[in-house]
Amino acid sequence: MAQTYQDLLTAARAEVPEVQVAELAERIGGVGAPLVVDVREQSEWDEGHLPGAVHVPRGFLESRIAGVATPDQPVVLVCAGGFRSLLAGRNLREMGYDHVESLAGGYTRWKQAGHEVVVPHTLTPEQRSRYSRHTLIPEVGEEGQLKLLGAKVLLIGAGGLGSPSAYYLAAAGVGTLGLVDDDVVDASNLQRQIIHTTDRVGMLKAESAKIAIEALNPDVTVNVHATRINRDNALELISGYDVIVDGADNFPTRYLLADASLMSRTPLVHASILRFEGHASVFLPYEGPCYRCVFPEPPPPDLAPSCGEAGVLGVLCGVMGNIQANEALKLILGIGETLSGRLLVYDALGMSFTELKVRRDPNCPGCGPDAHLEFRDYDAWCAGIGRHLEAVRV
Amino acid sequence: MSTVRVPPVLRAAVGGVRELSVPGSTVAEVLAALYAAHPEVRAQLVSESGELHRFVNIYVNDEDVRLHEWLETPVGDTDTLLILPAMAGGATASR
Ligand SMILES: [Zn+2]
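Residue numbers (the numbering used here), protein chains in the order written: chain A, 1 to 394; chain B, 395 to 489.
On the chain A side, residues computed to face chain B include the following (Cβ under 8 Å):
1. D249
2. N250
3. R275
4. P299
5. L349
6. G350
Coverage of chain B stretches by chain A, computed from C-beta distances (three or more under 8 Å per stretch; other residues unrestricted):
7. 401-414
8. 453-467
9. 470-479
Some chain B residues judged to face chain A by a derived CB distance under 7 Å, without partners named:
10. R448
11. F449
12. A482
13. G483
Hint data in this document are derived by calculation from the structure and do not stem from the laboratory.
Cβ atoms here follow ideal geometry from the backbone N, Cα and C, with glycine treated the same way.
Kindly produce the complete structure, drawing on both the sequences and the hints.
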């Protein structure tokens with residue numbers, strides 16, 4: 001005679017002992033604690049589970065149990081209300097797991113009783129879909145994507161380099177992007193600063209970029225810092241961020257960032273551009289060379305043309321900004337070989353990439369053992385004022 | 395003759411080219427030959443005291459000559475000497 005659901009449950013109760021929530025709570029912390037196996041579906045597990053539990057969905061229990069428990073081990077099965085676990089326990093008993101029990105009332109009663117639950121950090125179904133081309137890559141995977149979502153990147157400049165790097169970091173799901181820029185969008189920016197639009201000319205660049213980023217990816221929190229980074233606010237701006245992406249347009253800011261990166265021990269992803277040429281590197285504080293190991297001093301202003309004076313190919317910004325985004329992602333994920341110790345020189349006209357070796361300078365005024373690292377007046381220093389005196393003193 | 399790669403900021407001083415063939419068996423000799431052919435380059439690379447500016451790096455192939463024998467670093471016929479001043483460009487059109 002066919003059995004009803006109730007018949008099945010009654011039969012299962014006769015074979016599988018039920019453990020009460022309070023008893024399990026005591027046993028979990030004690031000696032010979034049972035293995036808690038949660039047999040619910042992925043979405044139920046994702047919303048929370050017992051601490052220390054392992055997840056084997058009901059449909060895979062018989063095929064996967066050998067991988068998590070031995071037949072002589074005490075096992076407590078958990079589902080939402082205590083029924084699926086009871087039925088599942090019957091099958092495990094048949095497989096020789098003689099110490100299987102079922103949690104009466106399941107996860108629901110456990111949670112209602114106020115016992116500790118663990119809410120796992122996982123991708124939502126929308127995120128699984130959005131980032132599927134990332135999670136398919138073994139080096140990234142769901143774990144890597146979660147790292148990106150938890151990461152914070154500070155971008156100095158939302159202009160030529162910052163536009164592509166911020167845009168791609170946002171698309172990649174870097175959870176927090178800080179944009180430091182006090183400038184407003186000008187029509188002459190749009191030849192290369194692709195994160196801005198014609199109808200946002202006149203708007204603060206950081207605000208304009210925030211609009212674009214939020215439209216692209218609602219997972220990203222954008223912190224707008226409509227200010228110019230300086231020695232008074234640098235460390236405060238940087239604090240809490242994992243990586244700095246340097247898209248500055250002037251030497252005072254670059255040397256300030258070099259020093260602030262060392263002081264805060266925050267990796268600095270560097271790129272600079274002019275006409276058809278780009279430089280890129282990664283400066284890992286006290287691990288690899290710093291910016292001043294490579295360029296101890298800036299050129300005097302009359303020998304340092306800006307893009308405003310010399311021009312820059314718009315696409316070059318995209319190439320170099322995306323190299324920065326690439327390096328920032330690798331730093332967050334902890335994969336691959338970064339540009340630390342290498343200076344990449346890109347010639348867009350000749351279409352050549354040249355790699356130059358850069359090393360830590362033992363006499364580096366920034367990261368060397370005798371360096372007295374302190375913020376200075378970078379504008380004056382870059383203008384050459386006081387530098388001669390300093391050289392004499394050294 | 396080694397190959398000298400000229401950075402964007404110096405191209406006007408050498409007639410707009412990116413690379414030049416320059417004789418010389420050390421960095422100093424190559425630079426001297428370069429200055430002789432293009433005097434304007436000297437004005438941009440060398441300070442009043444006659445020293446190479448500190449913001450200019452010279453690489454023979456991919457090695458920084460500061461970490462080798464500086465201006466006495468040998469340069470062979472198949473070597474490339476790359477002049478690399480720091481560049482600031484990035485975010486905005488002008489300050
Ligand atoms: Zn250094």
